[in-house]
Amino acid sequence: MSTVPRPHPVVRGLVACLGAGTLLLASPKPALAHLVTTGLGPYYDGIGHLLVTPQDLLPLLGLDLLGGLGGPEVARRILFAVPAAWFLGGLVGVTRTQEVTLPVILSLSVLTVGALLALDRRWGSGAVVGVGVAVALLHGFLNGTAMGAVGLGVGALAGIACTAFVILALAGALGVVHRKGWTRIAIRVAGSWMVATGLFMLGWALR
Amino acid sequence: MLLLLHPAALAAHEGGAAVGFVSGLEHPISGLDHVLAMVAVGLWGAQLGQPAVWVLPVVFPVVMALGGMLGLLGVPLPGVEVGIALSAIVLGAMVLGEVKAPPVVTALVVGIFAIFHGHAHGTELPEGASGVTYSVGFVVATGMLHAAGITIGLIHRWPAGQKALRVAGAAVAISGVAFLVRALTG
Chain V
0 MSTVPRPHPV VRGLVACLGA GTLLLASPKP ALAHLVTTGL GPYYDGIGHL
50 LVTPQDLLPL LGLDLLGGLG GPEVARRILF AVPAAWFLGG LVGVTRTQEV
100 TLPVILSLSV LTVGALLALD RRWGSGAVVG VGVAVALLHG FLNGTAMGAV
150 GLGVGALAGI ACTAFVILAL AGALGVVHRK GWTRIAIRVA GSWMVATGLF
200 MLGWALR
Chain L
0 MLLLLHPAAL AAHEGGAAVG FVSGLEHPIS GLDHVLAMVA VGLWGAQLGQ
50 PAVWVLPVVF PVVMALGGML GLLGVPLPGV EVGIALSAIV LGAMVLGEVK
100 APPVVTALVV GIFAIFHGHA HGTELPEGAS GVTYSVGFVV ATGMLHAAGI
150 TIGLIHRWPA GQKALRVAGA AVAISGVAFL VRALTG
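Chains V and L, in that order, give the protein sequences. The first sequence lines up with residues 0 to 206 when you count with numbering that gives the first Met the number 0. The second sequence lines up with residues 0 to 185 when you count with numbering that gives the first Met the number 0.
Simulated from the structure, these hints should not be mistaken for lab results. Please note that a few of the clues may not be correct.
If you want a taste of the chain V side facing chain L, the calculated C-beta under 8 angstroms gives, among others [to be verified]:
id, residue
1, C16
2, L17
3, P53
4, Q54
5, T94
6, T111
7, A117
8, W192
9, V194
10, W203
For each residue, glycine too, the CB sits at the ideal point set by N, CA and C.
Chain V on its own, in the form it takes in the complex (with noise of 0.2 angstroms):
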């Protein structure tokens, strides 16, 4: 009895992948190649706008830079919990159809933020947790009734909270890295820049 050798493996994959592509190519369904009609999605719209919403960024970084400079156990605490705390504040926010703004409110994150790293006192891990999470909830909140008002939902709150995510990765361990001496100043001094931001942005929300 003669037996029909099976094709190779690699054989039998290109043969289901060439039928799979045939049956895409023969769908009815349109492409929507261009972004213009269909954008990147939520998540990436969630990417973009924490990367284009200076308000966001500020006191993100500010945090970075704070648990930073509290060492690496503060500032992995940091990184995991601002991310989280900020995805819980969006989807608080994003059950609300109509965006809200705090301009005060968030001026004042900002000057806080901003404060507490120009000073550089040994505030201990508890408490810059806490400001942290404090900041992330705000802020995610604010940032949930955003997304929910254009209906992104969850999907764009996933972007933003990985955003976050990454950049406190990256600036954190700047934080910790220049830890000592003149780059340790040249943090403070940008904390103190902050805290000049956060004035102005006061007065503008104020007038």
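Here the structure of chain V is known, so what remains is to put chain L in place on it, guided by the hints.
Then chain L, alone, in the frame of chain V:
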């Protein structure tokens, strides 16, 4: 920096007024009186050494921003232009005389004049929505001017450099007199 220059964050035109990061960056360098005073802060800090070399560039932007906030809110401050002119005279004189003082005193001197600078900027700020990016640009430009002064002040380590700095201080002070005359004569 590239992100801050992103078109989405610039919002460069709001009802005809230009706001945004680049506008904020340009504002502190829009007046020679502001520029000279801020560079003089850096020069004086470099002459004084630690900790003034970084304390002064911290105090000035923060107190300036406080003055800016008051200006934005319409809180009146009399004699702003005179105060700015005096800042150039006094800070120039400090650099000319290589005046040494405790950090608290130097911070106080710098802080008092920073209020006037900030208030002037605050009242001049254009109407617009993008206060955040404007504020960031503004503060960064101010800090960069201080950094320029500190960098120039590094020549203090050489005797010829010390003389050159004192000459620069004299030039700032004389310019301050000219600004004062202009402010008083309107």
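For this session: Identify whether the interface hint at C16 (chain V) stands, where standing means a beta carbon of chain L within less than 8 angstroms of its own.
Result: Constraint on C16 (chain V) not satisfied, violated at 39 angstroms.
Problem set entry | Minimum beta-carbon distance criterion (8 angstroms), T111 (chain V) to chain L | 14 angstroms, violated
Exercise. With 8 angstroms as the cut and Cβ atoms as the points, is Q54 (chain V) at the interface with chain L?
Worked result: 5 angstroms, holds
Exercise. Measuring from the C-beta of L17 (chain V) to each C-beta in chain L, is the shortest one below 8 angstroms?
Worked result: Violated, because the Cβ-Cβ distance from L17 (chain V) to chain L comes to roughly 42 angstroms (cut-off 8 angstroms).
For this session: Grab the minimum C-beta distance from A117 (chain V) to chain L and call the hint holds if it beats 8 angstroms, violated otherwise.
Result: Since the shortest Cβ distance to chain L is 7 angstroms, the answer is holds.
Problem set entry | chain L contact restraint on W192 (chain V) - CB to CB distance below 8 angstroms | 5 angstroms, holds
For this session: Report holds or violated for the interface hint on T94 (chain V), using the least CB-CB distance to chain L and a cut-off of 8 angstroms.
Result: 26 angstroms, violated
Exercise. Would the hint on W203 (chain V) stand, with a C-beta cut-off of 8 angstroms toward chain L?
Worked result: Hint holds; W203 (chain V) Cβ to chain L Cβ min 3 angstroms, cut 8 angstroms.
Exercise. Measuring from the C-beta of V194 (chain V) to each C-beta in chain L, is the shortest one below 8 angstroms?
Worked result: 5 angstroms, holds
Exercise. Does the interface hint hold: is P53 (chain V) within less than 8 angstroms of chain L, judged Cβ to Cβ?
Worked result: 5 angstroms, holds
Hint violations for this structure: numbers 1, 2, 5 and 6, all remaining hints satisfied.
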